[in-house]
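Chains as they are written, first to last, in the numbering used here: chain A, 7 to 148; chain B, 1470 to 1613.
I should point out that these hints are in silico values taken from the structure, not numbers from a laboratory. Check each hint, because a few of them may be wrong.
If you want the footprint, here are the derived chain A segments under chain B, 3+ residues with CB under 8 Å [unchecked claim]:
hint : segment
1    : 63-72
2    : 94-105
Listed next, the in silico SDA-like pairs over lysine to any residue satisfying Cα-Cα at most 25 Å (straight line) [said to hold, decoys possible]:
hint : chain 1 : residue 1 : chain 2 : residue 2
3    : A       : 41        : A       : 58
4    : B       : 1499      : A       : 31
5    : A       : 107       : B       : 1595
6    : A       : 107       : B       : 1509
7    : A       : 107       : A       : 31
8    : B       : 1502      : A       : 116
9    : A       : 107       : B       : 1552
10   : A       : 107       : B       : 1531
11   : A       : 31        : B       : 1539
12   : A       : 107       : B       : 1497
13   : B       : 1502      : B       : 1527
14   : A       : 107       : B       : 1527
15   : B       : 1583      : B       : 1507
16   : A       : 41        : B       : 1503
17   : B       : 1487      : B       : 1534
Pair ranges (Cβ atoms, derived) [what the hints assert, rightly or not]:
hint : chain 1 : residue 1 : chain 2 : residue 2 : range
18   : A       : 79        : B       : 1593      : 41 to 47 Å
19   : A       : 131       : B       : 1582      : 26 to 32 Å
20   : B       : 1583      : A       : 71        : 29 to 35 Å
21   : A       : 13        : B       : 1585      : 39 to 45 Å
22   : B       : 1585      : A       : 62        : 52 to 58 Å
23   : A       : 83        : B       : 1577      : 45 to 51 Å
24   : A       : 90        : B       : 1583      : 26 to 32 Å
25   : B       : 1569      : A       : 15        : 41 to 47 Å
26   : A       : 127       : B       : 1582      : 19 to 25 Å
The C-beta atom is built at its ideal place from N, Cα and C for all residues, glycine as well.
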Amino acid sequence: MELEFNHFDEVFAGIDQQVNQLVRKTAFDIEGSAKQESRVRYGFMRNAWYVRTEDSSDYTSLSAPAPGYREFPEIAAPGHNEALIVGGAAHTVYNEYGTSKMGAQPMLTPAVERARQPFLTALEAASNGAGVGTIAEFALIG
Amino acid sequence: MAGTEATDALTVYFTLLKADTTLQAFIGQKWYKDVAQTAPGSSPPWPFGIGQVQAATDIQFLSARRVGADTLLMLKVIGLDGDFTATLRPAYRRVDALVQGTSGSSSDVLIIGKAVREQLLDYSEIVNGQVIRHLGGVYRVLAQ
Chain A
7 MELEFNHFDE
17 VFAGIDQQVN
27 QLVRKTAFDI
37 EGSAKQESRV
47 RYGFMRNAWY
57 VRTEDSSDYT
67 SLSAPAPGYR
77 EFPEIAAPGH
87 NEALIVGGAA
97 HTVYNEYGTS
107 KMGAQPMLTP
117 AVERARQPFL
127 TALEAASNGA
137 GVGTIAEFAL
147 IG
Chain B
1470 MAGTEATDAL
1480 TVYFTLLKAD
1490 TTLQAFIGQK
1500 WYKDVAQTAP
1510 GSSPPWPFGI
1520 GQVQAATDIQ
1530 FLSARRVGAD
1540 TLLMLKVIGL
1550 DGDFTATLRP
1560 AYRRVDALVQ
1570 GTSGSSSDVL
1580 IIGKAVREQL
1590 LDYSEIVNGQ
1600 VIRHLGGVYR
1610 VLAQ
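Based on the sequences and whatever the hints tell you, model everything.
Now the structure itself:
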């Protein structure tokens, strides 16, 4: 009889937990930055930003401060270790990318760019800390 | 380092787009930075093109020597929905053909590597009862 023993399950669970926390933290960091970059008249667009994960959401239903202000319904939950940063106000796209008469005020794009490298660095550190090399290497051996 | 790498990179692509005769047939040389320049109260000059810096992240060494800016440029064409098939779509296809995979330079900036589109933009707005289409893309370039 041959018994094979290893700690793969514990290692994978540890990686998964760290990645999950990292994804959530990054998503909330991006949401915070997007809110800071938002144009504000009534604060409707700024307050309509929210983060949706597989088991959480900071979505709140907002009252329209003036005619024409609309909010999209809350979106469905994404998959495991995924997070969606959502601009819930219907006019968010016109601010992010501009209209025919108004220049863009990018909110989400610079927020994502600021978070990109810290996220990748932390992701690599998480995998290295687990002793399995980089995520890329992990994918190769997986 | 000029200190204005991202804006200078946009100028490089404006020069490229304005010089193309195929694109001129669709929108002339009506390319504007950020927003179309029109007289107060007058209608925008449909169709036209807009370019804007969406994000720019400096890349620098610990010695504080900046080596460039990781830049996201938005390039899009804007026009009436009724002109979408005949004008806007072929115009943006030409824009993409000219920009995607292209580098460039001017006396102010060098585009390192090649522009790569990371996102397609296709959305509409309604202005005075008219449907206005926006068709374009967000391109990543490394400007030095």
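Evaluated hints:
no.	hint	result
1	63-72	violated (count 0)
2	94-105	holds (count 5)
3	A:41 to A:58	15 Å, holds
4	B:1499 to A:31	43 Å, violated
5	A:107 to B:1595	12 Å, holds
6	A:107 to B:1509	11 Å, holds
7	A:107 to A:31	36 Å, violated
8	B:1502 to A:116	18 Å, holds
9	A:107 to B:1552	18 Å, holds
10	A:107 to B:1531	42 Å, violated
11	A:31 to B:1539	23 Å, holds
12	A:107 to B:1497	19 Å, holds
13	B:1502 to B:1527	21 Å, holds
14	A:107 to B:1527	30 Å, violated
15	B:1583 to B:1507	33 Å, violated
16	A:41 to B:1503	21 Å, holds
17	B:1487 to B:1534	34 Å, violated
18	A:79 to B:1593: 41 to 47 Å	20 Å, violated
19	A:131 to B:1582: 26 to 32 Å	27 Å, holds
20	B:1583 to A:71: 29 to 35 Å	45 Å, violated
21	A:13 to B:1585: 39 to 45 Å	41 Å, holds
22	B:1585 to A:62: 52 to 58 Å	33 Å, violated
23	A:83 to B:1577: 45 to 51 Å	47 Å, holds
24	A:90 to B:1583: 26 to 32 Å	30 Å, holds
25	B:1569 to A:15: 41 to 47 Å	45 Å, holds
26	A:127 to B:1582: 19 to 25 Å	22 Å, holds
Going through the hint list in order, the structure does not satisfy hints 1, 4, 7, 10, 14, 15, 17, 18, 20 and 22.
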